[in-house]
Amino acid sequence: MAVVTCTGCSLLCDDIEAAVTNEKLSHIKNLCRKGHGHFQAVFSERTVPMVNGQKVSMDEAISRAAEILKSAKNPLLYGWSNCTLEAQAAGIRLAEKLGATIDDTSSFCQGILMERILDGRIPTCTLDDVRNYADTSIFWGADPSNSHPRHLSRFSYYPRGEKRQKSYEEERTCIAVDVRHSATAEICGNYYFRVPPGGDADFMEAVLAVLEGKIPRVADKKKMIELGSILKKTEYGVIFPGLGMIYSMQDKMDLFERLMARLNEITAFKAVPMVGHYNMRGFNELLREKTGFINSVSFRGGKPSHGPEQSVIAAAKSCDAALVIGSDPLSALPFATAKALAGVPLIAIDPRRSLATDAAAVTIPSAISGLEAGGTAVRMDGVRVKFEPFLKTDLPTDEQILTGIMEAI
Amino acid sequence: MVSAMEVYMLLPKTNCKKCGLATCMAFAVGLLGREKKIDECTPLIEEKKYEAKLKKLREIMAPIENASETGLIIHPEKCFGCGNCVVACPVNVAADPTRCGIGLGPQSDKVILKVEDGVVVCNNLKECRRFGPNKILCNACTATCPSKAIEFV
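Here the protein sequences line up with chains A and B, keeping their order. If you count the first sequence from 1, position 392 lands on 392 in my numbering, and the numbers rise without skipping. Going from the second sequence to my numbering is simple: count from 1 and add 409.
Next comes chain A alone, as it looks inside the complex:
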């Protein structure tokens, strides 16, 4: 039995035990259903090196990719959230060399919250702190039971921690704020607060009103006042904002900042973003270190510039070549963006078949990081996790492919 790290989501569970016999996974312990699906992905729909639909050798594919990028005036490098830190660093170097636009999935995902957290405008903590000290966990627009199955059992509700020996039975409260009665809301029982789609800002105003001792302007006033008293009694609270909240708030994120500041006047309250892809936060941190911006950066003209016009939504329409890695924009992005992206010469680096590899001019297969390739990744709370490969493969890692492309340029 080898102890391995799962790269299925940004919890990066490192207590997985996998038995490998004859280069096949025979028995895996402690892995959730989502992670199990991720591990099984090794055995189906793997890609092969292709140029314009013809099978070629690895070296030919890499040199063709280098040609496309070199001849492009305004290339876009997109994806990155499912790559190791090492590959992301190589990607940023490549973007600098090409004067390209580089962006990751956070620009239409958790970016606006991550920016505030990395800047220190919203207080945050690690998930181990959550386990050891937190007595109130709020899942806001997130359903970890489906998106991060082991979130509640490893950190936020069920485990016993240093200061929380009685855990969920007596000391912890778990609250869900969501538009639908999700599986997590089921666990939260009475502490489930339904908000209408787009109603998160109003709900936040109501929480602020309750904290001031005013009567909130929502349907169930009694329940809101109860919520207010739970928040006031909390010793160490954590809010887990998910995509539901981010999409609903958008340019009103200052309100969330205000709520966090108000809560911190009363007691300790932190926020940990529910990052989806396993290393989105890693990319944000790396790029911030390098340029001062967390995503959507253009190196055109030698100097990094940032703004909505450099984000993937805008850049997809203005670029003349694109490299896609660790993400499938054609199935995830809005139709107009996907269509624009499918129209330019596309280089897809992906271990498995996706819409992007189907539409790509050059497809380069890579080793699946975490299973076939080692590296480092940043968990959703900022903790760095190092992992080693446990399956053998002849395929190069993302980092090796990017270095190869850079050398060919």
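These are computed hints drawn from the structure, not numbers from a lab. Treat the hints with care, as some may be off.
Interface residues of chain A toward chain B, partial, derived using beta-carbon atoms under 7 Å [unchecked claim]:
1) L25
2) K29
3) C32
4) R150
5) R160
Now the stretches of chain B that chain A is said to cover, found in silico as 3 or more residues with beta-carbon under 8 Å [what the hints assert, rightly or not]:
6) 455–461
7) 501–513
8) 521–534
9) 545–557
Fair warning: this is a prediction, and the values are worked out from it, not measured in the lab. Beta carbons: idealized from backbone N, C-alpha and C, even for Gly.
Start from chain A and add chain B according to the hints.
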């Protein structure tokens, strides 16, 4: 889960006492508690007019008869593999306090519930607090399940 009333409706409702119990309702409760077998209701087996009821009864009782000794039923198709039950189960925590206690997957062989190949499986059922003469009605695993993949009869 089947209720005692549903089972009762499929019994002869004559209170003939041939099973040794005073009423058919008591027999229905006995069936659900797995202290009685369907075959002990002789009129239901022997008389032809109850044939349809007997067939229906066997149908609804099938999952209960297949349940483990403590009445635990796991539906693997519903399980998320989240491990909430693994961490919440008091016997698991007592058997592996340094790992189960803080949310990690268990390494000890004495635990009851563990996640294997993405879904929960149960072993060592004799350790369950619902087993044996001094049983208590613990529901840590069912109450913590987000998808109702664990049930007790």
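Now for the hints, and whether the structure bears them out:
1. L25: 9 Å, violated
2. K29: At about 5 Å, which falls below the 7 Å cut-off, the nearest Cβ of chain B leaves the hint on A/K29 intact, so it holds.
3. C32: 4 Å, holds
4. R150: Where the cut-off is 7 Å and the nearest Cβ of chain B is about 6 Å from A/R150, the hint holds.
5. R160: This interface hint holds because 5 Å falls under the 7 Å limit.
6. 455–461: violated (count 0)
7. 501–513: holds (count 6)
8. 521–534: holds (count 6)
9. 545–557: holds (count 3)
Of the numbered hints stated above, those contradicted by the structure are hints 1 and 6, listed in ascending order.
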